[in-house]
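Enquirer: Residue numbers (the working numbering), protein chains in the order written: chain R, 1325 to 1721; chain C, 1325 to 1721.
Quick caveat, the hints were computed from the structure, so don't treat them as lab data. Mixed in with the good hints, there may be bad ones.
Simulated crosslink set (DSSO-like; lysine-lysine; CA at most 30 Å straight-line) [stated by the list, open to error]:
{"id": "1", "chain 1": "C", "residue 1": "K1341", "chain 2": "R", "residue 2": "K1574"}
{"id": "2", "chain 1": "R", "residue 1": "K1397", "chain 2": "C", "residue 2": "K1350"}
{"id": "3", "chain 1": "C", "residue 1": "K1574", "chain 2": "R", "residue 2": "K1341"}
{"id": "4", "chain 1": "R", "residue 1": "K1341", "chain 2": "C", "residue 2": "K1704"}
{"id": "5", "chain 1": "C", "residue 1": "K1397", "chain 2": "R", "residue 2": "K1355"}
{"id": "6", "chain 1": "R", "residue 1": "K1639", "chain 2": "R", "residue 2": "K1341"}
{"id": "7", "chain 1": "R", "residue 1": "K1374", "chain 2": "R", "residue 2": "K1700"}
{"id": "8", "chain 1": "C", "residue 1": "K1397", "chain 2": "R", "residue 2": "K1374"}
{"id": "9", "chain 1": "C", "residue 1": "K1574", "chain 2": "C", "residue 2": "K1397"}
{"id": "10", "chain 1": "R", "residue 1": "K1341", "chain 2": "R", "residue 2": "K1700"}
{"id": "11", "chain 1": "C", "residue 1": "K1639", "chain 2": "C", "residue 2": "K1704"}
{"id": "12", "chain 1": "C", "residue 1": "K1355", "chain 2": "C", "residue 2": "K1704"}
{"id": "13", "chain 1": "C", "residue 1": "K1718", "chain 2": "C", "residue 2": "K1704"}
{"id": "14", "chain 1": "R", "residue 1": "K1705", "chain 2": "R", "residue 2": "K1639"}
{"id": "15", "chain 1": "C", "residue 1": "K1355", "chain 2": "C", "residue 2": "K1715"}
{"id": "16", "chain 1": "R", "residue 1": "K1486", "chain 2": "C", "residue 2": "K1461"}
{"id": "17", "chain 1": "R", "residue 1": "K1486", "chain 2": "R", "residue 2": "K1574"}
{"id": "18", "chain 1": "R", "residue 1": "K1397", "chain 2": "C", "residue 2": "K1355"}
{"id": "19", "chain 1": "R", "residue 1": "K1350", "chain 2": "R", "residue 2": "K1715"}
{"id": "20", "chain 1": "C", "residue 1": "K1374", "chain 2": "R", "residue 2": "K1374"}
{"id": "21", "chain 1": "C", "residue 1": "K1374", "chain 2": "R", "residue 2": "K1397"}
{"id": "22", "chain 1": "R", "residue 1": "K1341", "chain 2": "R", "residue 2": "K1461"}
{"id": "23", "chain 1": "C", "residue 1": "K1350", "chain 2": "C", "residue 2": "K1705"}
{"id": "24", "chain 1": "C", "residue 1": "K1397", "chain 2": "R", "residue 2": "K1350"}
{"id": "25", "chain 1": "R", "residue 1": "K1486", "chain 2": "C", "residue 2": "K1486"}
{"id": "26", "chain 1": "R", "residue 1": "K1461", "chain 2": "C", "residue 2": "K1574"}
{"id": "27", "chain 1": "R", "residue 1": "K1397", "chain 2": "C", "residue 2": "K1341"}
{"id": "28", "chain 1": "R", "residue 1": "K1517", "chain 2": "R", "residue 2": "K1505"}
{"id": "29", "chain 1": "R", "residue 1": "K1461", "chain 2": "R", "residue 2": "K1517"}
{"id": "30", "chain 1": "C", "residue 1": "K1341", "chain 2": "C", "residue 2": "K1355"}
Label-pair ranges, simulated between beta-carbon atoms [said to hold, decoys possible]:
{"id": "31", "chain 1": "R", "residue 1": "D1608", "chain 2": "C", "residue 2": "G1353", "range": "36 to 46 Å"}
{"id": "32", "chain 1": "R", "residue 1": "E1653", "chain 2": "C", "residue 2": "Y1605", "range": "46 to 56 Å"}
{"id": "33", "chain 1": "R", "residue 1": "N1519", "chain 2": "C", "residue 2": "I1668", "range": "34 to 44 Å"}
{"id": "34", "chain 1": "C", "residue 1": "P1485", "chain 2": "R", "residue 2": "M1482", "range": "28 to 38 Å"}
{"id": "35", "chain 1": "C", "residue 1": "N1413", "chain 2": "R", "residue 2": "G1535", "range": "47 to 57 Å"}
{"id": "36", "chain 1": "C", "residue 1": "S1616", "chain 2": "R", "residue 2": "T1411", "range": "45 to 55 Å"}
{"id": "37", "chain 1": "R", "residue 1": "T1464", "chain 2": "C", "residue 2": "F1611", "range": "56 to 66 Å"}
{"id": "38", "chain 1": "C", "residue 1": "Y1605", "chain 2": "R", "residue 2": "D1665", "range": "55 to 65 Å"}
{"id": "39", "chain 1": "C", "residue 1": "S1380", "chain 2": "R", "residue 2": "A1348", "range": "24 to 34 Å"}
{"id": "40", "chain 1": "C", "residue 1": "K1715", "chain 2": "R", "residue 2": "P1370", "range": "53 to 63 Å"}
The beta-carbon is built from N, C-alpha and C at its ideal position, and this holds for glycine as well.
Number of protein chains: 2
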Amino acid sequence: MNLSLRAQNVQASPIRKLMPYALAAKARGIKVYHLNIGQPDIPTPPEMIKVFHDFSDEVLAYGPSQGLEVYQKSLVRYYAKHGVDLTTNDIIVTTAGSEAITFAMLVVANEGDEIIVPEPFYTNYNGFATMTSVNLKPITTHAKDGFALPEAAAFESMITPKTKAIMICNPGNPTGTVYAKEELMRLAEICKKHNLFLISDEVYREFIYDGLKHSSVLSIPDFEEHAIMVDSVSKRYSACGARIGCIVSKNQELMQATLKFAQARLCPPTVDQLAANACVYLTDDYFEQMVSEYQSRRDLVFDELSSIEGIICKKPAGAFYIIANLPIEDAEDFVLWMLNDFQIDGETVMAAPAEGFYATSGLGRNELRLAYILNKEDLKKAMHIFREGLKEYKKTH
Amino acid sequence: MNLSLRAQNVQASPIRKLMPYALAAKARGIKVYHLNIGQPDIPTPPEMIKVFHDFSDEVLAYGPSQGLEVYQKSLVRYYAKHGVDLTTNDIIVTTAGSEAITFAMLVVANEGDEIIVPEPFYTNYNGFATMTSVNLKPITTHAKDGFALPEAAAFESMITPKTKAIMICNPGNPTGTVYAKEELMRLAEICKKHNLFLISDEVYREFIYDGLKHSSVLSIPDFEEHAIMVDSVSKRYSACGARIGCIVSKNQELMQATLKFAQARLCPPTVDQLAANACVYLTDDYFEQMVSEYQSRRDLVFDELSSIEGIICKKPAGAFYIIANLPIEDAEDFVLWMLNDFQIDGETVMAAPAEGFYATSGLGRNELRLAYILNKEDLKKAMHIFREGLKEYKKTH
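Isolated chain R (complex conformation):
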C-alpha cells in the first residue's frame, strides 16, 4: 500500500526526533538537562488550574466554532491592554497556535502558492505547509547580525505571482529576535505594494527583555486588510497542554472564511478555553516576574555562550531561545555525542540542532538552538557541561 507523497515527504520533527537518544541516556542512569524543547518550567498560574477544579457543567459540550464568547471578550480586553483595539468578530479561538497557523495558510494561499518566511524559522511551519500544500520560500538571516530582518530588496527579489504572504515570528522562535516597529513598517510597505498578507506569529509577545516594547502586526496603521496575527497561551501561561490559541484579523472577509474552516472541526477544547480565560485576569506582576526571570536566564546563557571561544551569537531580546553558531561542523553529531558519549558526574545536556529550522539545504549545520526553560541553578550546571562537552568534542572530532 502506497502512502501519499506528502506523507512520505513530511518532515520529522527535528526537535523530537532525537528524543530516543535522550531516553536511552536516561535508561543508563544519566540525568539530561533539556534545552532542546520549548516547554516552560514556570508553574502554570493556580488561577488557571482552579478552573479545571471548578468545572461543574453536567455535559462537557461543544462550544461555538469561533470560541466561547466569554473568552473572546476577555481576549478583546487582553489586546486592548496592549494597545490593539479589537471586537470579538476579529478573533477566532483555535486549538493552539498550530491550528491558527494552519488556518492562516489555508485562507491566504492555494495549493502551490508561496509564503516567504525569514529563516531559521519555527520548524513546524514546514509540517503545516505540507498539510496545506503551501510552498515556504525562505529568506536567510544570520547569527552574526542577530538574525536581523533582511532589506526590502531581498524580499522583493523573491516575490512571484504565486506569493501570497510573508510570515514572521516576532519575537522569533528559534532566534529570539525582536523586530522593531521600523522593521514591521518595512514589511508592511512591501505587503501593500505587492498585495500580500503579513502573517505574524506572536506567541512569544510577552517575552521581551531589556525594557523593549513589542510591536504587533495589528498595530501597523492602515494595514488592517493585510494583517493576520497568530497567538497562543501555551508559552506565556506555561500552559502548553491546554492547546488554546487564536487567529486575529480585522479583515472581516478573511475572518468569515476562517470561520468556515473552524466550523468543520467544530470547536477548540471547552474547559481549556475557560482555563485560558482566567489567565487574562492575572495581575501585572505575573508577567513582570516571569519576564524578569527569563531575562536573567537569557543573560546567564548568553554570557556563558559568548565566553566560549569560537561561538558566534548576538544577545537576543525576546522569546526564550538563543541560536549559537558553533566552531564545529555538525551540530547534530555533537548533540548525539553529548547524549551517547559524554557526561559530568552522571549528567549531560541536550540542545536542538538548528539545521531543521532552515529550509535552505545545508544551512544551520553548525548551529544549535538552546531553550532557557530551566531554573538558573540547573542552567548554570547545564552550561558548564555544555562548555566542557564542546571542548572535549573538538579534541576528538
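Got chain R sorted already, so can you dock chain C onto it with the hints?
Expert: Showing chain C alone in chain R's frame:
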C-alpha cells in the same frame, strides 16, 4: 486582498448556518427543541469530570505527539474488549475525530486524489477534504432502502487511477445505518482488488440497537494494511467539548507517517486526555443504560415519523440520527418556516436540512436529519410540533 480559492469555496456548515434563525426565535421568546445538532444531552460521566477536579500537575505541559502513554494503553484495553487486538504503536491520539479524519486524508491521498464516500455523509468531511485538497466522490444511497451499502459494481465503476481510499461512517451520521459484517467484507474485497485504503469513521461504534453487534474495519481478517479507523470520545461519553479522538491502524508505515503530521501540531489537550482515560474504566452498565435510552428514543422518533403521511424512512439501527424524506419540496425552507413562522404554545422545533450531507447537487432537498438527543418527554413534544408544523406548512406551500 484576495483570499485563496479554497477559502472562498469551503462549505459553510449546513448544521450551524441556520443557528441565527434559532437565536432570533429565542429572542422572540420561543422555545426551540434542537434536533439539528449531535450534541448529546446525557450527563458526562462524573468519573470523567472528577479528573478535571483532581488535576494537580504544577505545569500543564505538552504531552507526547502520539498521545499520553497511559491513555494509549487504556485504549488498547478498550478495543480488546471489542475483540480488536492492538498495541500502543497502532494508536495515535488526536484532537477529536476531526483531526483524525484530516490525518487519514493527508496520509492516503495527494492533492487532487479521490476518496469515494457513500452519500449522504457527515457534512464536515467536505471541510476536511477542502483543507487537504482531496476530492470526495459520492456514491448515492437512498432513504427508501435504509441507505444500504451499494453493490460492488457501483463502487468499482467510480474507481480511477486517482482513487486512494473508500471512506465510510459506521454507524452512519447522518443515516443511522449500521453496516453488517458482509457489507464490510464486500468493501474489503474491493479495496484489496484495487489497492485502496478503507477509512472507517466509527465514532458512533457504541450506539448500536436491537441487540446487533458492531463490526469494526479493524476486525476484517487479512486487511491490516488497508484498514484505518477513526474514533472519538465525544459522543459515547457525552464529551464533545473534550476534543479527544484517535486514529488507529496496524499499518505501521502509515502510523509512522501520521506521527510526523502529529508532531507538527505537538499534542492533543493534556487534561482532556486524562479525563477520557478515566472513561475507559466505566462499568458495562454505563453503555447498557445509554444504549437502552437512545434505542427507546429512536423508537419514539421513528414511530412518530413513520405515522406521518408521505414521510419515507427506514428504522436505523445505530448512531442517534434519522433521515426523513418529506412530502415537500424544500426542507431548508420548512426548517426556516418552523423557526420564523410556526409555534405551538410558544414552542417550535429545529432539524438539519439533509441537502448539505449530499455531495451530488440537488439531492436531499426534501430530506431532514433529526438527532434524538433530547429526553423522551421533550422528544414527544418536539415530534408533536413537527407533525403539526408539517401539516400546516403543506397547506400553505
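Enquirer: Does each hint fit the structure? Answer for all of them.
Expert: So, going through the hints one by one against the coordinates:
no.	hint	verdict
1	C:K1341 - R:K1574	holds, 22 Å
2	R:K1397 - C:K1350	holds, 22 Å
3	C:K1574 - R:K1341	holds, 22 Å
4	R:K1341 - C:K1704	violated, 56 Å
5	C:K1397 - R:K1355	holds, 27 Å
6	R:K1639 - R:K1341	holds, 28 Å
7	R:K1374 - R:K1700	holds, 28 Å
8	C:K1397 - R:K1374	holds, 28 Å
9	C:K1574 - C:K1397	holds, 15 Å
10	R:K1341 - R:K1700	holds, 27 Å
11	C:K1639 - C:K1704	holds, 17 Å
12	C:K1355 - C:K1704	holds, 15 Å
13	C:K1718 - C:K1704	holds, 21 Å
14	R:K1705 - R:K1639	holds, 20 Å
15	C:K1355 - C:K1715	holds, 20 Å
16	R:K1486 - C:K1461	holds, 29 Å
17	R:K1486 - R:K1574	holds, 24 Å
18	R:K1397 - C:K1355	holds, 27 Å
19	R:K1350 - R:K1715	holds, 23 Å
20	C:K1374 - R:K1374	holds, 13 Å
21	C:K1374 - R:K1397	holds, 28 Å
22	R:K1341 - R:K1461	holds, 24 Å
23	C:K1350 - C:K1705	holds, 17 Å
24	C:K1397 - R:K1350	holds, 22 Å
25	R:K1486 - C:K1486	holds, 26 Å
26	R:K1461 - C:K1574	violated, 36 Å
27	R:K1397 - C:K1341	holds, 22 Å
28	R:K1517 - R:K1505	holds, 18 Å
29	R:K1461 - R:K1517	holds, 19 Å
30	C:K1341 - C:K1355	holds, 19 Å
31	R:D1608 - C:G1353: 36 to 46 Å	holds, 44 Å
32	R:E1653 - C:Y1605: 46 to 56 Å	holds, 52 Å
33	R:N1519 - C:I1668: 34 to 44 Å	violated, 55 Å
34	C:P1485 - R:M1482: 28 to 38 Å	holds, 36 Å
35	C:N1413 - R:G1535: 47 to 57 Å	holds, 50 Å
36	C:S1616 - R:T1411: 45 to 55 Å	holds, 47 Å
37	R:T1464 - C:F1611: 56 to 66 Å	holds, 57 Å
38	C:Y1605 - R:D1665: 55 to 65 Å	violated, 44 Å
39	C:S1380 - R:A1348: 24 to 34 Å	holds, 30 Å
40	C:K1715 - R:P1370: 53 to 63 Å	holds, 58 Å
Figure legend: structure checked against the earlier numbered hints; hints not met, in rising order: 4, 26, 33 and 38.
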